[in-house]
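If you read the protein sequences in the order shown, they are chains F and R. According to our numbering, the first sequence holds residues 1484 to 1566 in order. According to our numbering, the second sequence holds residues 4 to 269 in order.
Calculated directly from the structure, the hints in this document are not laboratory data. Remember, predicted model here, so these are calculated numbers, not experimental data. Hints are supplied without guarantee of correctness; some may be wrong.
As the list claims (entries may be wrong) - Computed footprint of chain F on chain R; a stretch qualifies when at least three of its residues, placed anywhere within it, have a C-beta under 8 Å from a C-beta of chain F:
id: 1; stretch: 91-104
id: 2; stretch: 212-226
id: 3; stretch: 232-239
Glycine included, each C-beta is placed from N, C-alpha and C at the ideal position.
The chain contents come next:
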Amino acid sequence: MADPVDDDRPTALRWLGAFGHFWWEFLIGDTPELFVGAVAVIGILALLCLHVHLRTAAACVAPVLVTLVLVASVWRAARTHVP
Amino acid sequence: MTLLASTAPTGALVLVTAVFLASAVEMVEALTIVLAVGVTRGWRSALEGVAVAVAVLAALVGLVGPPLVHWVPLSALRLVVGGLLLVFGLQWLRKAVLRAAGLKAKHDEDAIFAEHVAELEATPKTTGRDATAFTVAFKGVFLEGLEVIVIVITLGSTSHPSRLGLAAAAAAAAALVVGVVGLVVHRQLSGVPENAMKMGVGLMLVSFGTFWSAEGVHVTWPGSDLAVPVLVAWYGLVAWLVVTALKRRAGQPAPGLASAGGPAHG
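Working from the sequences, and respecting the hints, build out all of it.
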C-alpha cells in the first residue's frame, strides 16, 4: 500500500484501492489457503454435479473436502507455531 | 414442499443462533472500545460515534440486502454467498481451534481496554465536540459491526423465503443485550467466553457455507434443510478431534468442551 501522506493518486483511485485492500484482507489476509481451498471445493463439487446421478453423492463429499481444507490450514499454523 | 416446510424452523433456529452469537462476540469487542472512550474522553462524543456507526450499518443492510433478495437469482446468490460464508467461517473456526489448542493467544478484553485507555489519555482533549472520542467510538463500532452486517446479509438473503428481517433482528437483539449488560455492569465484558462463541459461530458459518455453496452448484442434500444441523455436528466433531490432537502433540491434557469455552483471558 502506498503511504497515505505521499499518495497523490486521484481520490477515486485511492478509494478503489482501499476497497480492494479491505476485501483482500477480509477474504484472504494471512490464510490464502482457506480461500483457495474453498474455491477448489466448490469447483470439485460443480464438476461432480455435471453428472446428475452424482449430485447426492456430492453431498457426502462436500463436508469431507471442507474438513481437509480446515485441517490442512490448522496443521500449517501448528507447524509454524513457536512455543 | 412438506419436507421443506417442516424443516424450515430448524434452519431459522440455526440462523438466529449464528447471527446472535456473531453479533454478541463483535459487540463485546466494540463495547470494550466504547467504554474506554467514554471513561477517558466523556460519554457525549463517544455515544454520538456509536449512534452514527449504528445508523450507517443499518443503512448498509437496508441498501444491500433487499436488492440482493429481489434481483439476484437464488442459485447464483447461494453459490457466491455460500462461498463467502465458507471462507469467512473457515477463518473463524481455524482461529477458534488454534486458540482452544493454546496455539494462539485468546482475546484479552482487559488488556485491550487498558491499551485503548492509555492511547486515549495520551491524546490532548479539545473543547466542544471531541473528534478523537467520536472517531474512535465510530470506527470501533463500525468495523466490528461490518463483520456482523456481512453475516446478516449473507445468511438472511440466501434463505428461502428470505429471512433478512429475522437475521437483522437477531443481530440487533445481541447488540442490545451486550449494550445493556455493559451499561449495567459499567465495565468491559472480559468474563464472556468469547472463544466458545467464536467456535460456535465458525461451526455454523462453515455449515451454512458448505450447504449453500453446494446447493449453488446443484448438489442434492438428503433431508434438505435438516442437513445443516448434521453439518454443524460433523464440523463440531472435527474441531474437537483437531484440538485434542494438537493438545496431545503439545503434551497438554486432552480438552473437554470447556477448554474451548474458557473466559477470554490471554
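Hints, verified against the model:
1. 91-104: holds (count 8)
2. 212-226: This one holds; 11 residues, not fewer than the three required, reach chain F with a Cβ under 8 Å.
3. 232-239: Coverage by chain F holds for the stretch 232-239 of chain R (3 residues, Cβ < 8 Å).
Consistency note: the structure conflicts with none of the earlier hints.
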